[in-house]
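Enquirer: Residues per chain are reported as follows:
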Amino acid sequence: MRRARFLAIAAVATLAMAACGGDSDDSPEGGESPDGNEEVTGGTVRLSMGDPGTLLPQDSNTFDNIRILDVLFSGLVRYDVETTEPYNYVAESITSDDNTTWTIKIKEGWTFHNGEPVDAAAFARAWNYAAYGPNAMANNYFFERIVGYDEMQAPDESSEPEAEELSGLRVVDDLTLEVELYEPFGSFAALLGYTGFYPMAQECLDDIEACATNPIGNGPFQADGSWQPEIGLTVTRWEDYLGDEQPTFESVEWTSYLGDDVSWPDFLAGDIDASEPPPAEWEAAMNDPELSERVISQNGTALTYLGFPQYDEKFTDVNLRRAFALAIDMETIVDTIVPGRYVAADSWVVPGGVPGGEAGTCEYCRFDPEEAERLLEEAGGWPAGDVLTITYGADPTSEAIFKAIGDQLKQNLGIDYQLDPTEDFFSRRSERDFAGGVFRNNWFPDYPLNENYLAPIYGNGPDGNHFAYHNADFEAKLADGDRASTLEEAVTHYQEAERILAEDLPTIPLTWTQSTTFYSDRLDNVVLNPFSGAIELRKLTVNS
Amino acid sequence: MGRYAARRLLQALLTLLLVIGLLHVLTTFTVQLNDSPARAFFGDRSPTASQLAAVEARYNLDDPCYDQVGNPCVGPFVERLGQYARGDFGEDFRGRAVTELVAVSAPNTLRLFAVVTITWLIMGLLLGSVAARYRGRAADHSIRFTSILIDAFPVFVMLLVYKYVVAVPVGTWMRDRFGSDSFLGLLFKPSFDSSYPWTTVIIPGILLGATGSAAFIRLVRASQLENYGADHVRAAKAKGMSSKRLIIFHILRNSSIPVATAVGFVFAEALSGAVITEGIMNIHGMGGLLWNSVRESVTPVVVGVVTLLAILVLVVNIVVDFAYAALDPRIRYG
Amino acid sequence: MAETMVTALRENTPADVPPGRSVWSEAFHSLRRRPSVVIAMLVAVLFVIVAAFPRLFTSADPGRCDIGRAKIKPQWFGGEHPFGTDLFGCDYYAQTIYGARPSLVLAFVVVGCSVLIGLTLGSLAGYYLGAVDAVISRLLEVFLVVPFLLAALLVLSMFRGVDLGNSQFMALLPPAIVLAMFGWISYTRYVRASTLETKNFQFVLAAKALGASDRRIIFRHILPNSIAPVTALIPTSIGGIIATEAVLSFLGIGVRPPAISWGIMIANGAEWARGGYPHLLLFPLGCLVATILAFVVLGDALRDALDPKLR
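Which chain is which? The protein sequence lines are A, B and C, in order. First residue of the first sequence: 1363, per this note's numbering; consecutive thereafter. First residue of the second sequence: -2, per this note's numbering; consecutive thereafter. First residue of the third sequence: 16, per this note's numbering; consecutive thereafter.
For the record, the hints were derived by calculation from the structure and aren't laboratory data. Computed from a predicted structure; not experimentally measured. Honestly, I wouldn't trust all of these hints.
As the list claims (entries may be wrong) - Chain C stretches covered by chain B per the calculated footprint, using a threshold of three residues with CB under 8 Å from any CB of chain B: (1) 160 to 171; (2) 253 to 266; (3) 283 to 295.
Said to hold, decoys possible - Examples of chain C residues lying across from chain A (beta carbon under 10 Å, computed): (4) R79; (5) C80; (6) I82; (7) K86; (8) L102; (9) G104; (10) A222; (11) K223; (12) G226; (13) P273.
Quick reminder that beta carbons are idealized off the backbone N, C-alpha and C, glycines included.
Please work from the sequences and hints to get the whole structure.
Expert: Have a look at this one:
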């Protein structure tokens, strides 16, 4: 609900999955040690948390709840921190012959913190709850591929759904699940480590509300009392944990912080173990020899980009759009205003993050004010006296970035601007209410393929996207990719589509997200989760 | 006295009704004029009508009147009044009762207010008395000037400078010297700590109290000046009463009446300061609760909490009214 | 109604009114002799001129910002950027000069509206008492009970979905409405109190006995006597509103960028000051504090001068 950082499934998963068509038997076992009595050397890790809203996995899709649930729950698969490759964790095996019907075998002996077994029924319980439309779970849409999903959504506002359970989800025996998909989907197994697919105890289903603040998980840590929005949450090591990654420290203590950036002085005072400096403190922090020794940074996969409403005639000339792109010195803006939180983008697909992603595909995403001025003139100039509106969803950091972008357009192209931080961003965008200005968009990928950065946003014809963009060649390339027989071939076609996008420039890529964390000298082996950007607590060690 | 009390109570009830009505209209129009808060739930994704309806139902926004701009939504209003009359103040989107939310956040805010009020009283009575006593002299001028200067300083600047510039080095030094669990070591924590709710609220409270104290200093000074000129004080002085006794028995006592009134009235105003202080110092209190509820359009919490607050302020005001009688023998209610 | 009242006020400048004359001229004489008042007056006038004619003080365009030249330290007079530049590379001196206008315009508009409402409601309540008074008193109490910032946020969030265009005045309108909503309270209370007092004066009773209409009595006798306490209140509340504007900006619900106001500059500057750029806070804060101080000193002095009991 809050202006939290939404994390979509996250580029979970590598394409390896999609490519080899889904037999994940050969995935790494991750060095399991059932007896796993590693030595507990550390005490408590103290971290800050925002307001996660809920701790019910099926309803959790923000940075704050995903990273907490990651230690309270263990999913069917987990993702390698370095390669991001999924490997079976609670699952014994996940197999399919046709990529449509999947058989999931669950390891024996796992239990929830309350002693209930983690069996096929525990997963079916969770998935049916999440897929049932009227429950309004944030992760509802992850189940749309499973047969029976459509019947679980209310056809209109006043009626009830036909079904209460996914007909395509069958409990074969205690430890075997069978899942039938509407269409073949090779990466299905890679989805299963995502928060929405965590199992649910019967005790939780009986009292969902209690469970949303006091989760009953199956992970290496268990909640030590309820999460209290005003105070925080403490989780302690679970002695009976069966999996590997036995924690080497006693507990994690999350303290609630109301505002952004307010935890930094507490970090400096030694009251918490990790934090990120507010932009104003960045310079001082990086220049501090002691602080800058313990900092870790990692690029994210979410793109912020500037959209042109081509339903407004002013923006139909490609040279005008190119002039805008050339007039914005994104690198300086990022370095000055939001260092450590974003990096300037020059492509539509995250470079290196997903197959087919490469840097520099946007040839106009560089700073060249003279060329910008020339192109604007070629386009017939900007209507005199016209004020450009820059619209974005309201949050303070955006405001600074977009003021700086407006300043650049004013300085380099002589265009006056005004800022419009609207609370109604999403509905206004769908209604195409942004004529006369440009608007901020964010994209969090759903699955790791360059196609996911292109087709959902610019495909579907002139009426199917927010920018009224249409190019038959672009769509033909996407279609070529969809029909391709191998992944490599598909990726190449999608890359060609991206190049067409670069020519047409319906949007300007602005920034990629970046996670930066400073940590105290008590912490060791600090690694960031490739998807959430949070400290990987299962790997962390604490000095006593 | 009985009739007066009854009338005062009736008036308070009427005010309460008006407050609830006003809040209801404001929150209703906000929902009507803007996007449904349910939409934010979906982030960048476009929900289908039934998905949106499911979330709206979860957030109690499914009454059709919320879609008609200008409709005052009388139905939900009457329903709400009925609930309040039964002592049910509604719940937030997570199903937590408003009374429970208040029970959790009120203590911290009350702690903050306690420190603020003490700061006001001490600074007001002390500096105000000194200023009045030495009226027109250097002490008077410098006290008034300083109080105005503090007043002109935005409270958030004070708090930010304290938190980011003062607290970390001073706190570290104190801890190294006196130990991290000592009073002084805890006093300068950059943020509120719920394990030490009193110690860590002192400095934020003093800073917030200091910025609001100018009005009190002025008030005390003015009312004492009036008293210095009053007949009974002049008479006492003529009889040879020492000036120390004079100040304590006549001047201070009489000037406490307007001060008590002011404390009652600035209560609601102090909550505004609490929003800022709680946000910066990370105190989980009523100010932050209200602020976030308004921003996220959690209507039941906004209306419920303000109604509870209104009841409190009205009660305080009534008590202050009756306290007059105790403090000032000239006032009698027939 | 408001219009007739303004005319009425103009016709009845305090100097014309017999009971007020001595108070006003004496007040003026006593004020003129106090150096603090003279200095405060000069400061206030200076900033009013700055707000009215910013071009007299700078030729730079405050909206011209080059991010490549961000966060330059003050170069003082003689350099291109006397006060340096801000986070966005805008000339900070020009920003400070142009930032005066929204703050002061807001203060004057709000105080103007508050005084009008206060005079109207206060004299009506005090003169007629009974039902009128009961209604107005309840209204007063309602606004005393609702916390200001909360109401501000509620009202301002109502305007979120409303397109107000991009003129400077319209950008100020939502905060102005909110501030005026709470500004009239103290005026109403003062005017009501002074009306209650004046009502029983001999000359009012005489006028009533002679058959003067209520309207005539209010305009010719009651209102002029309320002017003194109201005047004393005005400078102080101007100072208060300038300060409140800064708070609203800090919370992100006041005047919005790219419009410039001292409030926005202080809110952003407070963050960067601790990052090694104190000038970003000190220049606008200095101006803000100086202005508020000037108005409050004027208000205090005026109150002392107009209140015979304290003289």
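Enquirer: Which of the numbered hints above does this structure break?
Expert: 10, 11 and 12
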